[in-house]
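2 protein chains.
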Amino acid sequence: MFLVVGERINTSRKRVQEAVSRRDAAYIQQDVLAQQEKGASYIDVNAGARIGHEKKDMEWLITVIQEVVTVPLCLDSPDPDVLKIACEMLKKPPMINSISLEKKRFQTMVPFLNGKECKIVALCMDDSGLPVNSRDTIDRAKKIVEGIEKTGISRDSIFVDPLIQPISTNTSNAVTVLDAIRGIKNEIPGVRTICGLSNISYGLPQRKIINRTFLALTMASGLDAAIMDPLDQDLMAILRTTEMLLGKDDFCGRYLKAVRSGEIKA
Amino acid sequence: MFLVVGERINTSRKRVQEAVSRRDAAYIQQDVLAQQEKGASYIDVNAGARIGHEKKDMEWLITVIQEVVTVPLCLDSPDPDVLKIACEMLKKPPMINSISLEKKRFQTMVPFLNGKECKIVALCMDDSGLPVNSRDTIDRAKKIVEGIEKTGISRDSIFVDPLIQPISTNTSNAVTVLDAIRGIKNEIPGVRTICGLSNISYGLPQRKIINRTFLALTMASGLDAAIMDPLDQDLMAILRTTEMLLGKDDFCGRYLKAVRSGEIKA
Numbered sequence: 000m001f002l003v004v005g006e007r008i009n010t011s012r013k014r015v016q017e018a019v020s021r022r023d024a025a026y027i028q029q030d031v032l033a034q035q036e037k038g039a040s041y042i043d044v045n046a047g048a049r050i051g052h053e054k055k056d057m058e059w060l061i062t063v064i065q066e067v068v069t070v071p072l073c074l075d076s077p078d079p080d081v082l083k084i085a086c087e088m089l090k091k092p093p094m095i096n097s098i099s100l101e102k103k104r105f106q107t108m109v110p111f112l113n114g115k116e117c118k119i120v121a122l123c124m125d126d127s128g129l130p131v132n133s134r135d136t137i138d139r140a141k142k143i144v145e146g147i148e149k150t151g152i153s154r155d156s157i158f159v160d161p162l163i164q165p166i167s168t169n170t171s172n173a174v175t176v177l178d179a180i181r182g183i184k185n186e187i188p189g190v191r192t193i194c195g196l197s198n199i200s201y202g203l204p205q206r207k208i209i210n211r212t213f214l215a216l217t218m219a220s221g222l223d224a225a226i227m228d229p230l231d232q233d234l235m236a237i238l239r240t241t242e243m244l245l246g247k248d249d250f251c252g253r254y255l256k257a258v259r260s261g262e263i264k265a
Numbered sequence: 000m001f002l003v004v005g006e007r008i009n010t011s012r013k014r015v016q017e018a019v020s021r022r023d024a025a026y027i028q029q030d031v032l033a034q035q036e037k038g039a040s041y042i043d044v045n046a047g048a049r050i051g052h053e054k055k056d057m058e059w060l061i062t063v064i065q066e067v068v069t070v071p072l073c074l075d076s077p078d079p080d081v082l083k084i085a086c087e088m089l090k091k092p093p094m095i096n097s098i099s100l101e102k103k104r105f106q107t108m109v110p111f112l113n114g115k116e117c118k119i120v121a122l123c124m125d126d127s128g129l130p131v132n133s134r135d136t137i138d139r140a141k142k143i144v145e146g147i148e149k150t151g152i153s154r155d156s157i158f159v160d161p162l163i164q165p166i167s168t169n170t171s172n173a174v175t176v177l178d179a180i181r182g183i184k185n186e187i188p189g190v191r192t193i194c195g196l197s198n199i200s201y202g203l204p205q206r207k208i209i210n211r212t213f214l215a216l217t218m219a220s221g222l223d224a225a226i227m228d229p230l231d232q233d234l235m236a237i238l239r240t241t242e243m244l245l246g247k248d249d250f251c252g253r254y255l256k257a258v259r260s261g262e263i264k265a
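Chains S and U, in that order, are what the protein sequence lines are. With numbering that gives the first Met the number 0 applied, the first sequence covers 0 to 265. With numbering that gives the first Met the number 0 applied, the second sequence covers 0 to 265.
Isolated chain S (complex conformation) (with noise of 0.2 Å):
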C-alpha cells in the first residue's frame, strides 16, 4: 500500500506557526486527527521554523499529537539533538525525515542513527548540490543507502527522495524523477522511494492539477510514499485511483470505499 506522509503540522506554515506559539492544541488535533481520518500513515512534525523554538515546540506538538492519533509520527528536522530528545518522547518508532550525503549531515547523523528501529529518508543531495541527472540520482542513491545500512537500518526501512526540480526551469524535469524512481527501484531492490511532489509545479499556474498528474506517473514509476497533504481531496482522489490501476487495490475496495464516503467523485 502507497504510504501518504501528512505534511500539514509545519511551523513554516502560517496558521501552524500561530498556533505552535499560542500553544492552541485543540488546533493542532483537530488538523492531525483530519490527517490520520483522510489516510495519512505518518504525520510529519516540523517545528523548525521559530528560530531558537525548535526544541520546546517539537516536545510540545509530540506531545499534543501523540495524544489523539494512533498512527506515527515522522520527525522532520535536520539536528539530532532534537531528534533524540524527540524520539524519547515517541509511543511508536517513527520516520526520520532526514539524512543526506552531505558530509557535515550524514556524519552528525550516522551515530544518531545506529542501532535505532526507525524508517529513514534518505535525500539525494550531497555537498555538490542536487543530481544532475537520473543516473547520477541513481548513484548517489546506492552511495546512501549503503552508508545507512552500515547502522543496521534495514534497506526496506530507508525512502529515498530523488529530490524533485521544477519542470519550469527544464521541461526534462519530470521524466528524470520518474526514471530516477524506476532504476532505484530497479538497481537498489528493496528499497523505497519518496517524494514531495509540489516541488515540481514550482513557477507555474494552476499547480494542483500539476501536482497530482505527476503523483500519477511517479506512483507508475515505482514511488511507495509522498509527503503531502491527505487533506487536499483531489489528491488523494487519484492516489487511490491509480493505486486501483496498478492492480494494488483488492477487488477494487478503498475505490468504491472512497467514492461511498464521497472521497471520489469524478
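If you're looking for bench data, these hints aren't it; they were derived computationally from the structure. One or more hints might be untrue.
Intra- or inter-copy, both count: the list cannot distinguish identical chains.
Below, in silico cross-link-like pairs of lysine-lysine (PhoX-like), each with a Cα-Cα straight-line distance of 20 Å or less [what the hints assert, rightly or not]:
id, residue 1, residue 2
1, Lys264, Lys207
2, Lys54, Lys90
3, Lys256, Lys207
4, Lys247, Lys184
5, Lys37, Lys256
6, Lys90, Lys115
7, Lys83, Lys54
The hints should help you fit chain U onto chain S, whose structure is shown.
Chain U alone, transformed into the frame defined by chain S:
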C-alpha cells in the same frame, strides 16, 4: 505531439443518431467544430448503428463534416465497401478504424488497404478473442504490423490498439495494458499505439476520474494517441498536463495556453 481522435460522431450515441436521421447538419457541424477547436487531430466518424443505412449516413456525414473542419477524418467501419465509398469523398488522407487479426476481417481489409495513403488502427484481436496478457498482446501486435506493412503502409502510420478490458473484472487489466504499450513501443520500433480509454472503468462508479487517471498512465507508458472526447475538459486538462510532465511541451507552451484560455483549472 499526442494525437486526439475525437470520438463524438458515432450513431450509437442517441443525439447523434437523431441528428443523422433528421439530416440535421447544423448539429453535426457545431459538434465537430468544437472537437477541432478543443484539440482533435482527427474526427472519428462511425455510422454503423442505423442498420441498413451505414453507406448513406456515412456519405452524408462526410459531406457535412468536411464543409467545416480542416482536420482529417477517422473512418470507423469494419466494411471495406463503406470505407471505399467514403475514401473517394475525402479531402485529406484518413485514419482507418480498424483492422484486426480476425481472419475474415484481415483478409477483406488487406486488398482495400493495398497501396492506400492512410493511417490505420490495428486491433490486437484475433479469432480466439482478446489477448490474455501483455506478452500475448505484443506478439499479436508484431503479427498484425507485419501483415499491414505488406500493403505498403509504413510502420509509423500504424496505430496498434492493445485493447482494454475493464479493471472491474480483473484488477491487473490496467497494468497488462501499460506493460503491453511499453513492450510494443520497445519491440516494434517506430510503430504507434492508440487506445479507446473508457472501457477500463466499465462496471465501476465515478468512471471519469478512472478514465483520466488512466490516460496519464498510458501516456507515461508511451501511448501516442487516444480515441476520446475532446470536449471533456477535465480529460483534456490532464492530457496537456501529462504531455508537459513527459517533456513534450516546449517551454510549457501548450499548458500555459490552456490555462490562459480557461481550459485548465486546478
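To see whether the hints hold, each was checked on the structure:
1. Taking the shortest Cα distances, Lys264 and Lys207 sit within 20 Å of each other both inside one copy (16 Å) and across copies (9 Å).
2. Taking the shortest Cα distances, Lys54 and Lys90 sit within 20 Å of each other inside one copy (18 Å), while across copies they are farther apart (74 Å).
3. In this assembly of identical chains, the alpha carbons of Lys256 and Lys207 lie at most 20 Å apart only when taken from different copies (17 Å versus 24 Å within one copy).
4. In this assembly of identical chains, the alpha carbons of Lys247 and Lys184 lie at most 20 Å apart only when taken from the same copy (17 Å versus 25 Å across copies).
5. With identical chains, the CA atoms of Lys37 and Lys256 are at most 20 Å apart within one copy only, with a shortest distance of 12 Å there and 34 Å across copies.
6. In the homo-oligomer, the alpha carbons of Lys90 and Lys115 lie at most 20 Å apart inside one protomer (14 Å), although the nearest pairing across protomers, at 72 Å, exceeds that limit.
7. When the C-alpha separation of Lys83 and Lys54 is checked against a cutoff of 20 Å, the pair qualifies only within one copy, where the shortest distance is 10 Å, while the shortest distance between copies is 78 Å.
Taken one by one, the earlier hints all hold for this structure without exception.
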